[in-house]
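**Student:** Listed below are the residues making up each chain.
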Amino acid sequence: MLEIANLEVVYNEVILVLRGLSIEVPDGQIVALLGANGAGKTTTLRAISGLLDVHEGAVTKGSISWNGEAIAGKKPSEIVRSGITQVMEGRRVFAEMTVDENLTTGGFTIKDKAATAASYDRVMELFPQLGERRSQTAGYLSGGEQQMLAIGRAMMASPKLLVLDEPSLGLAPMLIEQIRDIIVDINKSGTSVLLIEQNAMMALSIADYGYIMETGKIVMDGEPAKLLADDDVKEFYLGLHSGDDTEKKSFRDVKHYKRRKKWSS
Amino acid sequence: MIRLDRDNVPLLFLIGALIPTTIFLVIQAVNDPALFLETLIKALGLGAVYALIALGFVLIFKATQTVNFAQGALAAAGALFVSFLVADEHIPFTTVPNPLINIGPEWLGWGLSVLVALIFAALLGLIIERITIRPMVGEPLFSVAVITLGLEIVLRVFNNDTVKTEFRALEIPWGNGGTTVGGAFINYSVIAALITAVVAFVGVFFFYRSKTGIAMRAVAFDQEAAMAQGINVGRVFAIAWAAGAVLAAIGGIFATQPPVKQTGAVEPETANIAFRALPAVILGGLDSATGALLGGLIVGLAEIFAGQYAAGESDWLGAGYPVIVPYIVMIIGLLVRPYGLFGTPEIRRV
Numbered sequence: 001m002l003e004i005a006n007l008e009v010v011y012n013e014v015i016l017v018l019r020g021l022s023i024e025v026p027d028g029q030i031v032a033l034l035g036a037n038g039a040g041k042t043t044t045l046r047a048i049s050g051l052l053d054v055h056e057g058a059v060t061k062g063s064i065s066w067n068g069e070a071i072a073g074k075k076p077s078e079i080v081r082s083g084i085t086q087v088m089e090g091r092r093v094f095a096e097m098t099v100d101e102n103l104t105t106g107g108f109t110i111k112d113k114a115a116t117a118a119s120y121d122r123v124m125e126l127f128p129q130l131g132e133r134r135s136q137t138a139g140y141l142s143g144g145e146q147q148m149l150a151i152g153r154a155m156m157a158s159p160k161l162l163v164l165d166e167p168s169l170g171l172a173p174m175l176i177e178q179i180r181d182i183i184v185d186i187n188k189s190g191t192s193v194l195l196i197e198q199n200a201m202m203a204l205s206i207a208d209y210g211y212i213m214e215t216g217k218i219v220m221d222g223e224p225a226k227l228l229a230d231d232d233v234k235e236f237y238l239g240l241h242s243g244d245d246t247e248k249k250s251f252r253d254v255k256h257y258k259r260r261k262k263w264s265s
Numbered sequence: 001m002i003r004l005d006r007d008n009v010p011l012l013f014l015i016g017a018l019i020p021t022t023i024f025l026v027i028q029a030v031n032d033p034a035l036f037l038e039t040l041i042k043a044l045g046l047g048a049v050y051a052l053i054a055l056g057f058v059l060i061f062k063a064t065q066t067v068n069f070a071q072g073a074l075a076a077a078g079a080l081f082v083s084f085l086v087a088d089e090h091i092p093f094t095t096v097p098n099p100l101i102n103i104g105p106e107w108l109g110w111g112l113s114v115l116v117a118l119i120f121a122a123l124l125g126l127i128i129e130r131i132t133i134r135p136m137v138g139e140p141l142f143s144v145a146v147i148t149l150g151l152e153i154v155l156r157v158f159n160n161d162t163v164k165t166e167f168r169a170l171e172i173p174w175g176n177g178g179t180t181v182g183g184a185f186i187n188y189s190v191i192a193a194l195i196t197a198v199v200a201f202v203g204v205f206f207f208y209r210s211k212t213g214i215a216m217r218a219v220a221f222d223q224e225a226a227m228a229q230g231i232n233v234g235r236v237f238a239i240a241w242a243a244g245a246v247l248a249a250i251g252g253i254f255a256t257q258p259p260v261k262q263t264g265a266v267e268p269e270t271a272n273i274a275f276r277a278l279p280a281v282i283l284g285g286l287d288s289a290t291g292a293l294l295g296g297l298i299v300g301l302a303e304i305f306a307g308q309y310a311a312g313e314s315d316w317l318g319a320g321y322p323v324i325v326p327y328i329v330m331i332i333g334l335l336v337r338p339y340g341l342f343g344t345p346e347i348r349r350v
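As given, the protein sequences belong to chains A and B, one line each in that order. Here the first sequence is numbered in the numbering used here, starting from 1 and rising by one per residue. Here the second sequence is numbered in the numbering used here, starting from 1 and rising by one per residue.
Don't take each hint at face value.
Calculated cross-link-like contacts (lysine-lysine; reagent style DSBU-like; alpha-carbon spacing at most 35 Å) [unchecked claim]:
| id | chain 1 | residue 1 | chain 2 | residue 2 |
| --- | --- | --- | --- | --- |
| 1 | B | K211 | A | K113 |
| 2 | A | K111 | B | K211 |
| 3 | A | K226 | A | K188 |
| 4 | A | K160 | B | K211 |
| 5 | A | K75 | B | K261 |
| 6 | A | K217 | A | K261 |
If you are wondering where the hints come from, they were derived from the structure by calculation, not from laboratory data. Bear in mind the structure is a predicted one, so any value in this text is a computation, not a measurement.
Could you build the full structure based on these sequences and the hints that come with them?
**Tutor:** Right under this line is the structure:
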């Protein structure tokens, strides 16, 4: 189980991005972390995976514990070895290398050859499309295939927790559905998933629990059903409007700035 | 089909220059086959030395995205280590006698000593990387390149101070010896350089397909994404620098031998081999091992053939003109292909 408690992250020693964020990812569940641009979703991911250093960021308060062990400040390679892997925002596949070579980098921390072969077969089972393109240069794959490759690469380390940062970014609705089904598949075989998304509909449709974050902290959390029923979530994350749906709405009526979210007091 | 417009001027110029050159060389080859063969072998030997040095540049560039300007000083340092071990017969920087030199026949003791020298070169590479390059991870690449330039100067001063005006021989077992094939004299050093280059390139070819090699390419392409896969970037840098320093040292040893130099000894000038090989690296493409091999051979051929067959014109060309031929080849090559013959034009999907 991953537990983040009261986490504060500061970039360049001045910019406070996370202000006391607390989330939990219980074993075997899919947890969605939703939020608008700049809420601090990616920073949360970086804090978990140990990549804050690269961006001159540091955890100043709070704790991140993974199965009871504090992991804040550990090296990315140690964190991957402990069973947390991530799919970075924007896929970040190694475009100049082949599909197979990309997958090899994902299994870098696994020394056991039989285990590597087993996870490779598993990835090929999850993504038959990648099997057809094993020796192709990753840069020439389509966006959806690259996303699959990025997820497959992360799965090569046989993670216990998979953290996905905006897997739906820039994909067609059909592909988003496909990726969503794959995430469910991965979860069913025992990997917990932390899904960081802007696409609230997609994330909440598969999540066991959801968090909504704004300006560096959690403003609301609960079961997907509860979140989906909330008026503010409906309006700001799903683009729906409360009230009479039969009546046509004019853009003039949608005055976001007039409507205050109940959580921003 | 090549269109006749401004973009293709360098290419047309290249073709225009190559056709008469080829005809000229064919005539020469028919007139005096022995001389032609001798020149060709010599050229391939020089090309192999350039290719070895170029491969060191490529290894370090591919992992760290930095052109290592200290490669020349590392080459000289490697040759110096050999000289310490086989001529002075003691372990570098100490007065402890080198126990290996007396093992078995002369060539065995010498060979083992060279291996030890290469280990010293690798250590030097590791120390340099740990102290000066690792703390610069994530800093602007230009700063890192300037640091390597500073290292080159520091190491050179150090090397020159050690060499002074002494004759620092490498005591290569075969000396200046060679064999004669079809009237052409072939130096054993040239053969050794060719064999070493082949071994090094085959080794690197397989290395880049191994797990560590793939990790190295991943780090070169996207450091953060590589870290996210659990790749230890620091270790990859260390491996690249150690390997780069070893290749530099090998290049440095050959740089004291024919066809580069006839003396067989380390001189302050030995460090210049890297700058002489630089056109090969740039021409081949900084991130391509194949490019390093081909660039090295092309530059080596151009330099030796120009030196051999244009010598009659040296009253207006000047005596040292062969040395600048690689640079001319490089400039023409870059005009045709700005990222080098085998350099990767970026593939990136947005």
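**Student:** Could you run down the list of hints and mark each one as holding or not?
**Tutor:** Quick rundown of the hints versus the structure:
Using a Cα cut-off of 35 Å, the hinted pair K211(B) and K113(A) holds, with the two alpha carbons roughly 11 Å apart. Under the criterion of a C-alpha separation no larger than 35 Å, the hint pairing K111(A) with K211(B) is consistent with the structure, at around 10 Å. Distance check on the hinted pair: K226(A) and K188(A) sit about 23 Å apart at the alpha-carbon level, within 35 Å; holds. A threshold of 35 Å between alpha carbons decides the hint, and for K160(A) with K211(B) the separation of about 23 Å falls inside it, so the pair holds.
Distance hint between K75(A) and K261(B) is unfulfilled; the C-alpha atoms sit about 48 Å from each other, more than 35 Å. A hinted pair counts as satisfied when its Cα atoms are at most 35 Å apart, and K217(A) with K261(A) qualifies at roughly 15 Å.
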